[in-house]
Amino acid sequence: MNSKPQTGKFAAQRWFAPLIVLITFLVLPLLFNAWQASGQGRETNTFAGSVQPFLAKNCYGCHNSSLKSGGLDLQSFKSAASVAEFRETWEKILKKVEAGEMPPPAMPRPDEVQLRAATSWIEGEFKRLDAHVKPDPGRVTARRLNRDEYNNTIRDLTGVDFQPANDFPQDDSGYGFDNNGDVLSLSPVLMEKYLAAAEKVARLAVFGHEQLKPTMVRHQPTLRRRLEKAGPPVTIPPQYTLTNYDFTGLGQPSALHFKHFFPADGEYSFRMTTYRNRPRGSDPVEMALWVDGKVAKTVQLDQIEPEGETREVRTTVPAGERWVAVSFLRQFDGLPASYGGLNPSTRPVPAAPARGGGGGGLQPPPNATPEELAQLQKRAAAAAGRSRQAEPADAIVLNWVEVVGPFEYAKGPSDESRRKIMICGHAPGAHNAACARKIMSNLARRAYRRPVTAPEVDRLVELVADTQKRGHSLEDGVSLALEALLVSPDFLFRVERDPDNLAPGASHPISQYELATRLSYFLWSSMPDDELLHLADQGALRGPAVLDAQVRRMLKDPKSKALVDNFGGQWLQFRNLESVKPDLDAFPDFEDYLRMSMQQETEMFFANIIHEDRSILDFIDGKYTFLNERLATLYHIPGVKGPEFRKVELSGDERSGVLTQASILTVSSYANRTSPVLRGKWILENILNTPPPPPPPNVPALEASASDATVSLRQMLEKHRANAVCASCHSRMDPLGFALENYDAIGAWRTQDGNVQIDSTGTLPSGKSFHGPQELKAILRSQSGQFTECMTEKLLTYAIGRGVEPYDQKTVKTIAGQVEANQYRFSALVLEIVKSLPFQMRRADRGKT
Amino acid sequence: MIVTGKCLSRRTLLRGVGTAIALPMLDAMIPACAAPSRVKAGKMPVRLSVAYVPNGMVMDNWTPKSVGTDFEFTPILRPLEPFREQMMVLSGLALHNGNELGDGGGDHARAGGSFLTGVHPRKTMGADIHNGISVDQVAAQAIGGETRFPSIELGCDDMRTTGNCDTGYSCAYTNSLAWRTPTTPLPPENNPRAVFERLFGSLDTNLDPAARAELTVERKSVLDYVNERTAKLVGKLGPADRHKIDEYLFAIREIEKRIERAEQDSLELTPTIEKPDGIPIAYADHVKLMYDLQVIAFQADLTRVSTLIYAREASPKTYPEIGVPDGHHPISHHRNDPVNLAKLSKINVFHAELFSHFIAKLAATPDGDGTLLDHSMVLYGSGLSDSNRHIHENLPILVLGRGDGSLKPGRHIKYEKETPLTNLFLTLLDRMGVHPETLGDSNGKLEHLTDL
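Protein chains in written order, with this note's numbering: chain C, 1 to 849; chain B, 1 to 452.
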């Protein structure tokens, strides 16, 4: 009240005066103590003294109690206590004011001295609060295995790599990842699927494939330029000629690429159906079936006009997901000589086949009217015109491929399954009474990821025995007991237990087994292996040297590919490549081969950082990548031939790091054009960890579509930023995106967008300006601390399966500091997370008595 | 596996998935499922079905100018013209809780999340999702015990989403339309093959009675085991973990009930379509197939409640097959640009055409003394009207069918501004004999649906 002297009521003031003196007298010692505690100078810098006036002068204009711009009412923060109460909001306020994003550029700049005073007080308050914060490891909710974790766990537990979870409903995600305990729910539909999958997996593991009926799956291109479109189709990709092209045919628009899951090692049939024809007079052409980049079978297409022909080949394929492709080998060889291709055909060019009926063209019906006759003549002329037109060299394409099978497949359980389940150590069928106990206790321990009690094993042995009593074999019993294990909550959920007699809210280290489980689901998306469980048995897993060695071992293991797919795929969002559908009129070059190659590049890049333990700053500007011929042509990088991916050193300014990989550039674009806003937002969210707030309601997104080709996107966005409210975020997003404007919506380099010259310069709110992607990366690299904190927060979120809370900020900063001190090595990041408080400890439930 | 008139055992319901797959392409559905005999004579059950389309509607091309029985068919509604007599266009309804109400951005997440609950979804990335119980689940919980499946939830999105679904909201709000409890969404099934297998089992008709009996014993012992394990676990858990295990327990109970119901009812099922291979390549085929599956589920009285999501809210799906290569969500922020509006309208019309496929099937399927459509209430709509400005008022809403005969369709009715959409739900529930006092933000029942 003493801060409001403007009442003008003399009497009232006189009445208040003694009170004010009294209050001052009482409060002063407290203030003095605060001054002592917080270091010098704080007495002049207070919330009421510097922060409130600063906000009032610079911010209340929009962020007041009636407007609440951006949902923020700064007037409601009336005291220093609000900082503790609304910590997250204050963190944001500080970030924005310090970055110069607020007040928005169109508004007058705050006085620099006042700004420093306000921000330093807020920072000081944070420090003061943090010093008093009790370390809190947080509490992770019981996590249901998600689809990937279920598949991998089944594989590692039973030796059956069947991917049953591919049929499960999609897992919801929270905080950007689909392994969040709070969000993963369990519906009755999913429970039905668990039951069905358990039944199937258990039979498969114990008996092998009993009755695997052949199935048929048809694969068609998910995207293909409409073939019936007028005019010649896209023929040869621009970088090729008829005599110098991709002889494998894999990169030709005629090829077909897809991933297929083969349920068993076995023989499969591939039915390949063509559409349209080779130019008349061509030599026969060879069709090749590729499995994982190798030619598995070839077959000759010797028809003159093979349109709609189906050729069937059979070959054995090992179980698992395979990259299958069908292409025409040396497609432009053997064309009629007039085409000018290699090894021209010597066949005579036959006359155009008659169209529209019998020998001599179109026969008019006996009593045709003059109108009908004219119509017929017109059609005949059109047909003749068509046949004179040269047929495109690559008119023929693969229309679809059907995979049918398996026909012959290995019977009986796999060696892997036998080793993991039937551990009794003798020939099948020779079991004795002790076997059931031995088998089930091993299985239960591994399925439950912890030691099992004698009564727990008894119950499972009882299931086996009951089955035998009904006249079935021990194997039948084991299968049923395994089925029961696979649907029990101990298996489906990763439940961590509070030790008994723990005070509510007290923290405790998680058990050795819980630690082993956290580790394995973090790095492998799967259950702990025997080595981890063994170390947990010995109580040795927590030793720093052991933990260090285990993390390194686990990262080297091929199972760490799960970290690339599940963490990388969601952090960098390249999982979305599976569903992007670029507009084929704008990007005729895009097809499934390119889509799959893009994903492969980023996955291999990420995996390489893990396996070679490289600096995480390579994500920003690592000067190497992994390419096959298809991707190298998109990037205009010479000398990469063939479908195999290989490491390629990069030079020049066009490519380095993930920001300029086609995968990222594609998922951050619209279907028919680039979006500097989306790309800027992508960088803010995933590299800098400063996601922009949502656009305020009722402000139309200005750049939903570039409908006016004469105005550049940049000009449109500049107009948008003239609005102060819009500018507050767009001044952060847009420049970042403009730096990447040299890449089109599928990641190809360009210098023009339509008729408009690309301008990839920009200035960040901090005042730093750049020219082109390489200079932007240099700026991002110079902010390596911010990137490290960003990646730390993302990986920590993924590792512990809950959102990062304000009380985790200290942990995040500590980890990031350690990573920096260790040359930004990937292993350092993982190790520091694994050693951190939230990973090692757990808060006991507050509600528990 | 080609189904040729062979009857299904009721005990085959839970048999494992995918051991047999149909080879040929799908045929058109021939309605031939045996109509259940247990339905009381003279009174056919009322079915409730909801179809959700994302990203609003071009309202100028949706709302008829005139009200009453003589309303005209606008471009988007035109595909439904054959069903004028069975159709109600309801204008003016609002989804108040889709609005920001102090929560800032995220209108798409709220549009989808609150559409059937009428509750303001809690803004959270995941830690504490909270919504309401959706109207379909209110119905399912009341009458679901009479059928094998209290409800079915279907979707036509085949992609995984990563990142956040809409600013600050967990993907749970956009992925699921149906909410069994405020914290338990029911994610839709997107794969027609999985829907088929759920409805009909995977048809192990070659099992002899002894093998079937053995299977029943085995399943029972597995469920017994699971119940024991859960009981042991539950006592040691805190509330959040406990909640997860409760979900699990509920799911187990549901399955046990279903087995019981399957043993009690005398349904012998003959699916009238072949088992789908998976998700069809063409989106139109996908949606139609999902609709066909709903028709046979209703026809065989396997369930009386269904929901279908065309694509999740804020879906960026492209529609090159109808000349719209742009993403649906980006183009829905049309800025009143005529080019964008034309493209958005194309998508709206396309969706309505697919819906009319469903209605035609329902209208052609005999059910008791009438058709399935006569005994259904099919809601079609979006939680946004103008997606460009994120308007949750004057929503595009249709109801087709006559309910139990007391609905009086064939009209365009305009309600007062801000009439809660949930009032409509209360009225529809009424028709099914379910009478909750309120639902979400409802403040009464919707008038004029049952009188002229």
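Be aware that a few hints might be false.
Just so you have them, the derived chain B footprint on chain C, three or more residues with Cβ under 8 Å [what the hints assert, rightly or not]: (1) 51-63; (2) 667-676.
In silico negatives: residues of chain B with every beta carbon more than 10 Å from chain C [said to hold, decoys possible]: (3) Val67; (4) Glu85; (5) Asp103; (6) Gly126; (7) Ser170; (8) Ser176; (9) Thr184; (10) Glu218; (11) Ser221; (12) Ala240; (13) Glu260; (14) Pro271; (15) Glu353.
Below, computed lysine-lysine pairings styled on DSS-like, alpha-carbon distance capped at 30 Å [to be verified]: (16) Lys438/C - Lys417/B; (17) Lys813/C - Lys835/C; (18) Lys259/C - Lys294/C; (19) Lys835/C - Lys127/C; (20) Lys92/C - Lys127/C; (21) Lys134/C - Lys257/B; (22) Lys623/C - Lys581/C; (23) Lys469/C - Lys346/B; (24) Lys835/C - Lys236/B; (25) Lys346/B - Lys43/B; (26) Lys411/C - Lys438/C; (27) Lys220/B - Lys469/C; (28) Lys257/B - Lys469/C; (29) Lys78/C - Lys810/C; (30) Lys469/C - Lys259/C; (31) Lys257/B - Lys220/B; (32) Lys220/B - Lys232/B; (33) Lys43/B - Lys581/C; (34) Lys68/C - Lys220/B; (35) Lys213/C - Lys220/B; (36) Lys257/B - Lys438/C; (37) Lys65/B - Lys43/B; (38) Lys57/C - Lys641/C; (39) Lys213/C - Lys259/C; (40) Lys810/C - Lys95/C.
It should be emphasised that the hints constitute simulated quantities derived from the structure, not laboratory data.
Every residue gets a Cβ at the ideal spot worked out from N, C-alpha and C, and that includes glycine.
Tested hints:
1. Coverage of the region 51-63 of chain C by chain B is violated [criterion: at least 3 residues with CB-CB distance below 8 Å; count 0].
2. With a cut-off of 8 Å between beta carbons, the region 667-676 of chain C has 3 residues touching chain B; three or more are needed, and the interface restraint holds.
3. No Cβ of chain C approaches the Cβ of valine 67/B within 10 Å, the least distance being about 29 Å, so the stated non-interface status holds.
4. The claim that glutamate 85/B is not at the interface with chain C holds, since no C-beta of that chain comes within 10 Å of its own (minimum 36 Å).
5. At roughly 7 Å from the closest C-beta of chain C, the C-beta of aspartate 103/B falls inside 10 Å, breaking its exclusion from the interface.
6. The non-interface label for glycine 126/B is inconsistent with chain C: the shortest C-beta to C-beta separation is roughly 2 Å, within 10 Å.
7. The Cβ of serine 170/B sits about 5 Å from the closest Cβ of chain C, inside the 10 Å cut-off, so the non-interface label is violated.
8. Listed as outside the interface, serine 176/B is inconsistent with that label: its C-beta sits roughly 8 Å from the nearest C-beta of chain C, within the 10 Å cut-off.
9. Distance to chain C contradicts threonine 184/B as a non-interface residue, since its nearest Cβ pair spans about 6 Å, not more than 10 Å.
10. The beta carbon of glutamate 218/B is not kept farther than 10 Å from every beta carbon of chain C, the shortest such distance being approximately 6 Å.
11. Distance to chain C contradicts serine 221/B as a non-interface residue, since its nearest Cβ pair spans about 6 Å, not more than 10 Å.
12. Look at alanine 240/B: its CB is around 4 Å from the nearest CB on chain C, not clear of 10 Å, so calling it non-interface is violated.
13. With a minimum CB-CB distance of about 14 Å to chain C, glutamate 260/B clears the 10 Å threshold, and the non-interface call stands.
14. At the 10 Å boundary, the C-beta of proline 271/B stays outside the reach of chain C, the nearest C-beta of that chain being 17 Å off.
15. Chain C leaves glutamate 353/B outside its interface by the beta-carbon criterion, the shortest separation being 20 Å against a cut-off of 10 Å.
16. Restraint check: the Cα-Cα separation between lysine 438/C and lysine 417/B comes to about 71 Å, which exceeds 30 Å; the hinted pair is violated.
17. Between the alpha carbons of lysine 813/C and lysine 835/C the distance comes to roughly 14 Å, so the proposed pair stays at or under 30 Å and holds.
18. For a cut-off of 30 Å, the pair hint linking lysine 259/C to lysine 294/C stands: about 14 Å separates their Cα positions.
19. Of the supplied pair hints, the one linking lysine 835/C and lysine 127/C holds, its CA atoms being roughly 24 Å apart against a limit of 30 Å.
20. Between lysine 92/C and lysine 127/C the CA atoms are separated by roughly 16 Å; this keeps the pair inside 30 Å, and the hint holds.
21. The straight-line distance between the Cα atoms of lysine 134/C and lysine 257/B is roughly 48 Å, outside the 30 Å bound, and the hint therefore fails.
22. Pair hint lysine 623/C plus lysine 581/C holds up; C-alpha atoms about 29 Å apart against a cutoff of 30 Å.
23. Of the supplied pair hints, the one linking lysine 469/C and lysine 346/B is violated, its CA atoms being roughly 65 Å apart against a limit of 30 Å.
24. For the suggested pair lysine 835/C and lysine 236/B, the alpha carbons sit about 27 Å apart, so the restraint of at most 30 Å is met.
25. For the suggested pair lysine 346/B and lysine 43/B, the alpha carbons sit about 40 Å apart, so the restraint of at most 30 Å is broken.
26. The hinted pair formed by lysine 411/C and lysine 438/C meets the criterion: a straight-line CA distance of about 25 Å does not exceed 30 Å.
27. For the hint linking lysine 220/B to lysine 469/C, the alpha-carbon distance of about 16 Å falls within 30 Å, and the restraint holds.
28. With a C-alpha separation of about 28 Å, the suggested pairing of lysine 257/B with lysine 469/C holds against the 30 Å cut-off.
29. About 27 Å separates the Cα atoms of lysine 78/C and lysine 810/C, which keeps this hinted pair within 30 Å; it holds.
30. Taking the CA atoms of lysine 469/C and lysine 259/C, the gap is near 45 Å; set against the 30 Å cutoff, the hint is violated.
31. Taking the CA atoms of lysine 257/B and lysine 220/B, the gap is about 12 Å. The hint holds against a cut of 30 Å.
32. In summary, the hint linking lysine 220/B to lysine 232/B is supported, as the alpha carbons are separated by about 19 Å, within the 30 Å threshold.
33. A hinted pair counts as satisfied when its Cα atoms are at most 30 Å apart, and lysine 43/B with lysine 581/C does not qualify at roughly 48 Å.
34. At roughly 59 Å between alpha-carbon atoms, lysine 68/C and lysine 220/B are farther apart than 30 Å, so this suggested pair is violated.
35. For the given pair, lysine 213/C sits about 27 Å from lysine 220/B by alpha-carbon distance, which is consistent with the 30 Å threshold.
36. Restraint check for lysine 257/B and lysine 438/C: the C-alpha separation of about 35 Å exceeds 30 Å, so the hint is violated.
37. The suggested pairing of lysine 65/B with lysine 43/B is violated, with an alpha-carbon distance near 37 Å, which exceeds 30 Å.
38. This hinted pair does not check out: lysine 57/C and lysine 641/C have alpha carbons roughly 64 Å apart, beyond 30 Å.
39. With a CA separation close to 21 Å, the supplied pair lysine 213/C and lysine 259/C stays within the 30 Å bound.
40. Restraint check for lysine 810/C and lysine 95/C: satisfied, since their Cα atoms lie roughly 16 Å apart, inside the 30 Å limit.
The earlier numbered hints that this structure contradicts are 1, 5, 6, 7, 8, 9, 10, 11, 12, 16, 21, 23, 25, 30, 33, 34, 36, 37, 38.
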